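Asker: Listed in order, the protein sequences are those of chains A and B.
If you're matching positions, the first sequence starts at 1 in this note's numbering and goes up one per residue.
If you're matching positions, the second sequence starts at 1001 in this note's numbering and goes up one per residue.
Derived from the structure by calculation, the hints contain no laboratory data.
Take these hints with a grain of salt, some might be off.
[Stated by the list, open to error] Straight line, CA to CA, 20 angstroms or less: simulated SDA-like cross-link-like pairs of lysine to any residue:
#	chain 1	residue 1	chain 2	residue 2
1	A	116	B	1366
2	A	290	A	312
3	A	131	B	1197
4	A	131	B	1290
5	B	1254	B	1230
6	A	264	B	1195
7	A	131	B	1344
8	A	264	B	1211
9	A	131	B	1336
10	A	116	B	1211
11	A	116	B	1332
12	A	131	B	1254
13	A	116	B	1290
14	A	59	A	92
15	A	131	B	1195
16	A	131	A	265
17	A	89	A	79
18	A	131	B	1343
19	A	131	B	1211
20	A	190	A	147
21	A	131	B	1341
Given the structure is predicted, the values throughout are model-derived calculations rather than measurements.
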Amino acid sequence: MLEGGSVGESVALDGASTTESGGWSHRHILSLDHFSVQDFDTVLQTATSFQEVLSRRTKKVPALQGQLVTHLFFEPSTRTRSSFELAAKRLSADVLNFSPGTSSLTKGETILDTAKTYLAMGTNIMVIRHKQTGVPQAIAAEMDRLNTGVCVLNAGDGQHAHPSQALLDLYTLCSVVDRDRPRTDNLRGKKIAIVGDVLHSRVARSNLWSLVASGAEVHLAGPPTLVPQDFGGFLGNNRPIPIHWTLDDALVDADFVMTLRLQKERMGQFLLPSLREYHRQFGITRDRLKLCQPSVKILHPGPTNRGVELDSDIMDDPDLSLVSCQVTSGIAVRMALLYLVGSGKGLGT
Amino acid sequence: MTQDALIENVRVLDPVAHSDRQATVWIASGRVEAIDPAPSEVPGTTEVIDGQGCILGPALVDLYSTLSDPGYESRETLTEFLDAATAGGFGHVAVLPHTEPAIATPAQIYDLHKRVQTLQRTNPHLAKCVPWGSATVDRAGKQFTELGELRPAGAVGFTDAQPATDLVLCRRLLEYAAPLNCAIALWAWNPTLAGGGHLFEGAETLRAGLIKIPVAAEAAAVAGVLELSDAHTAPLHLMRIGSDRAIQLIRQGKTRDATLTASTTWLSLVAHSGHITGETNLVGSDAPAAPYDPNFHCYPPLPLPHQRDGLIQGLKDGTLDAIAIDHHAYTYEEKTVAFGEAPVGTLGYALALPLLWQGLVETGELAALDLWRVLSAGPAGILGMELAAIAPGNPADLILFNPAETWTVTADTLKTRAANTPWLNRTIPGTIVRQWRSPQPQS
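Build out the structure end to end from the sequences listed, making use of the hints.
Answerer: Have a look at this one:
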């Protein structure tokens, strides 16, 4: 019914329609700290509809036809940008890509000048990534101040937030529990261990908001230099997060293990002695997974350092690894996000 | 500004006399003529000002700020800098040697004085400007400037206003300057530990996604520098103090060294980490700043909420002697970058008193007299100036402040081309209603 038809009329997008009455109120998606459980469920339901679209022979719908989506990736990215680009194209949007290599940033142009240039070209949605925290927020504030109606999606800022990655992780996890009807309730009471370089991870920070809101029991594990004690108070004093500086406690009875990418430069910063020691202490191995639930699944936001964060054969084991599912889910989830903000539903904050 | 006036029923804050009282003050010919004069004493031609709801206090003294001229005139000129200070109620400002070239020779001090005097000929009410001398040539930390020459030329003290990492240099500086009868201002900060971070460590910092700075980056440096000063060295001033742990160390240090002084900056007292993320409304406003406003990127870093409490306690008990404005102008293009990439510093002059009053006095966190003390008598003492009490016969370097009257923060009202403040275009309460300057300089 979606093919050639209006998305809004589609039975397949009932979820989004329900949301419309339920009140999707986010013009921008900058972080997940203000998302309600209903918001998370709306994303999951909308993504489910698009997942169905993506299973068809013709994987394109005209939901954003005539709209311009600009990818402002001040920080280089291939995977996330490709995922967003494909999502936008599946929704029939026109797409522009900006990268620093082709920019005027080094010629005295400010980040707002860059954004305004693409605004002047008629951009409706900006997807922004920057190595520094706060840039998508600053551009969104300027777009609002100018009353442009432009929506901003944060594709990763500094160590702060990576909402689309956390939402695709949420979708992946919920789909494991109930493939036909992924919803936040699927995670209630599930133990999820996030392992690795939490300190530098915007993915882990966004995951904390979405997973805890869904009712999951989230544990953090890694060496003290990468999982400082202050993370225990990340969600506020009334929602303490267990911190583990040894891996086994975090893994006991875990339903899911989310591993994080370890940047190799951490050794030079006196945060770790070596990749070898890290793998021996915090690497995910089949032996260690015996501590978890028998049905345990492993996630990784990629790209993976094989043999460091997890053993290579685990990553390639379809019974254990959800890494490919994450990449696949990413298209549907990003379609959902673009659709929710771009189809006029995100006219609130 | 120097008109004769009778200010009736005004709240008089006098940090020199340690008094906070209601009175009627008669100012004539730039002096305090009388307190609570009999109506028959005052000539009928004298302007009468209703001081109800207003504060009369000494003109403020800024312990340190950055003058961008010469070197960075596109940020702010000397004229604008002094206009901004005057608009903020400041009678004296001490400038850091941040100019290009740095203030490092007597000739440069004479030149600054000459330029200021020229400006004062057209505006005799302009804030007076005194320089901190550069402690080392080009502020490079390699070789002392000619300290003994600079001091009589007018340097009020010496500093490089750089992180004090070379303890040999700091110790020799404190020793050599002992006979010069002026303060040595050191910024106790370990940049290696700070690691390019943005906020002191804590759950709030992790949540904001900003890079954390161990408190030890300041505390370890303070502890080290404190060991360098004693009764035989020049007075040590610790500038830009930002953490509660540093306050504890300084409190302890003052029991050993009576000449030790310390200051924090105004922004650390009116803003905290929650203002960066846009969770908290700006002081004096009913809305937050734009999230990750680069104008909040400063040193010391904005405190976490509990650290701000420690700074206020330090002001109350005298551990902190002064609030410095650390005014630093930047161009639009310099500050319109990511938070973490923005140069540190923000405007302060026209904003400091109104917002400190709103953020500390109106909330009951600090007594009005304590606030005025750390903005006038406190910094004046560190600079070797003596303020006069508000008493008959004394010079009337005074300002009249109405904490309730609102104004809108614009380039016009800030009196400078620079606009690097989160409060731009906000309407805030707290207006300098009138100012008086004595005809003769006090120092």
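Asker: For every hint, state whether the structure bears it out.
Answerer: Going down the list of hints, with the structure as the test:
Only pairs whose Cα atoms come within 20 angstroms are accepted, and residue 116/A paired with residue 1366/B is rejected, the gap being roughly 44 angstroms. Restraint check: the Cα-Cα separation between residue 290/A and residue 312/A comes to about 17 angstroms, which is no more than 20 angstroms; the hinted pair holds. The straight-line distance between the Cα atoms of residue 131/A and residue 1197/B is roughly 14 angstroms, inside the 20 angstroms bound, and the hint therefore holds. Simply put, residue 131/A and residue 1290/B have alpha-carbon atoms about 19 angstroms apart, close enough for the 20 angstroms limit, and the pair holds.
Pair hint residue 1254/B plus residue 1230/B holds up; C-alpha atoms about 10 angstroms apart against a cutoff of 20 angstroms. Pair hint residue 264/A plus residue 1195/B holds up; C-alpha atoms about 18 angstroms apart against a cutoff of 20 angstroms. A threshold of 20 angstroms between alpha carbons decides the hint, and for residue 131/A with residue 1344/B the separation of about 19 angstroms falls inside it, so the pair holds. Restraint check for residue 264/A and residue 1211/B: satisfied, since their Cα atoms lie roughly 18 angstroms apart, inside the 20 angstroms limit.
Between residue 131/A and residue 1336/B, the direct Cα distance comes to roughly 16 angstroms. Compliance with the 20 angstroms bound is thereby established for this hinted pair. Simply put, residue 116/A and residue 1211/B have alpha-carbon atoms about 28 angstroms apart, too far for the 20 angstroms limit, and the pair is violated. With a C-alpha separation of about 16 angstroms, the suggested pairing of residue 116/A with residue 1332/B holds against the 20 angstroms cut-off. Restraint check for residue 131/A and residue 1254/B: not satisfied, since their Cα atoms lie roughly 43 angstroms apart, outside the 20 angstroms limit.
A hinted pair counts as satisfied when its Cα atoms are at most 20 angstroms apart, and residue 116/A with residue 1290/B qualifies at roughly 17 angstroms. Simply put, residue 59/A and residue 92/A have alpha-carbon atoms about 10 angstroms apart, close enough for the 20 angstroms limit, and the pair holds. Restraint check for residue 131/A and residue 1195/B: satisfied, since their Cα atoms lie roughly 16 angstroms apart, inside the 20 angstroms limit. Straight-line distance between C-alpha atoms of residue 131/A and residue 265/A comes to about 16 angstroms, which keeps the hinted pair within the 20 angstroms bound.
For the proposed pair residue 89/A and residue 79/A, the alpha carbon gap of about 15 angstroms is at most 20 angstroms, so the pair holds. Distance restraint check for residue 131/A and residue 1343/B: the Cα-Cα separation of roughly 17 angstroms lies within the 20 angstroms cut-off, and the hinted pair is therefore satisfied. A distance of roughly 12 angstroms separates the Cα atoms of residue 131/A and residue 1211/B; the hinted pair therefore holds under the 20 angstroms criterion. A distance of roughly 43 angstroms separates the Cα atoms of residue 190/A and residue 147/A; the hinted pair therefore is violated under the 20 angstroms criterion.
Simply put, residue 131/A and residue 1341/B have alpha-carbon atoms about 10 angstroms apart, close enough for the 20 angstroms limit, and the pair holds.
Comparing the model with each numbered hint stated earlier shows that hints 1, 10, 12 and 20 do not hold.
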